[in-house]
Amino acid sequence: MNEKKLKFSEKLSYGISDFPEVVNSILAAFLTMFYTDSIGMAAGAVGTMFFLSKLFDGITDILAGVAIDKTRTKWGKARPWLLWLSVPTGLSVALIFFIPQNGSATMQFIYAFLTYNLFTSVMFTITGIARSALLALMTQDMKERASMATFGMFCGLGATIIGCSVTFPLVFKFGGDTTAWRIVFLIYGVIVTLGLLYGFFFSKEYVVSVAASNNKEEKLSFPEEVKLFFTNKYLLLALLMTVLVNFVTQVGQSSQTYFYTYTMGDVMLTTSLNLASVVPILVGIVFIVGPCIGKFGKKKTMYIGIIGQLIGFLIKGIAGMYVSVPLLVVGTVVSGICTGCLAVPVSTLFADGIDYGEYVTNHRIEGMGSAITSFSQKISSGLALASVGWVLSLTGYIANEIQSAATNTGIIALFAWIPAVLLVVIFLILKYVYKYDEIAETVVNTLNERRK
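Read in order, the letters of the sequence shown are residues 12 to 463 in the working numbering.
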């Protein structure tokens, strides 16, 4: 597979353009608590709002995918969307936090639903699908894709951890009230805009379909694109794996503030533990993921990530049971250093599925593939966010009070036990069902021959 090697600036652009996802992850960590503790919304209502939002989000995912597949500009099909939506995306981030604090419960629910969806269902959806498509459009080389994904994970996860670590201190620095939250997320909105602009100006689409290279490209109808996706076994497996891995990440992030505040009894652990996880996560991404993929391949690298994270989550669960900060630190480090070994390879499965689909049908569906994958991610994120709200409601959570044993048990389950069980499920799927690594070289070599 003699593919063109990407420049450092091109790989970095893929990472920097991940800032909308960074803010989405920060929202997952703090927005529920902002709504319940600062605004006074009921936890059950917040959980329901998140879940309904993700269902609505699926409609815009599909529309965005179709739009990207039909886009034809001098900049490519996915890249221009980063430019067009850079400023609107940044503004939509800030609007979420201008919810009327003294409004009725109904007014607050409607405002929260509309502004949350403006960011997640429109701006983040389109830019996220465009960025996801770039992984398949910038290179076909598996190692280059893994390298791009590593840059994406390094920038995205590193920025997410830093963002989660500094959000509370910044909020407290600006006064700790609703206005403080607004100032912090106005700053984050500006950063998002700059990240998307960088992603546009420093990326380039190199991969064209076999049909386009032979001047035989035809535009597919919506039903045809959907059929191509759901008859592609490796896109379906990428979809399933992405859903599970995303749920593991999101349910942990969404419950961490409650875990640190009520189970461990110290809200500032949110800052210190997030900072403590930065080094092992980034060390794992930079120094472990690449060599492991080069030596063992993506599949065995994912095994390493699953087992390491599983051990880490089990330790964190025990730490919650015994309120042990030292154990919590150990669990955080163990799971952190193995995070990239699962997350980086999984993020490239979609692009591999696109290649496999073209290998079988001569059609590439980057937009639709990204859209359905994005939809699945958001459904899993919505379920994770909703799960936090629902579990808190069912176990009798009362904001700003000492929690009952039942509530603390629910918080620990969300933070540790549920992710651990899902990691076992991911391991079984990978071991017994996913086989693409065995045919990857044949697929890419065949496609390159067809383009000549």
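Any given hint could turn out to be false.
What the hints assert, rightly or not - Restricting the straight-line Cα-Cα distance to at most 25 Å, the calculated cross-link-like pairs of lysine-lysine (DSS-like) are:
#	residue 1	residue 2
1	LYS446	LYS238
2	LYS442	LYS311
3	LYS244	LYS230
No wet-lab data here; the hints were simulated from the structure.
Now for the hints, and whether the structure bears them out:
1. Pair hint LYS446 plus LYS238 holds up; C-alpha atoms about 22 Å apart against a cutoff of 25 Å.
2. The hinted pair formed by LYS442 and LYS311 meets the criterion: a straight-line CA distance of about 9 Å does not exceed 25 Å.
3. With a C-alpha separation of about 22 Å, the suggested pairing of LYS244 with LYS230 holds against the 25 Å cut-off.
Checked against the numbered hints given earlier, this structure breaks none of them.
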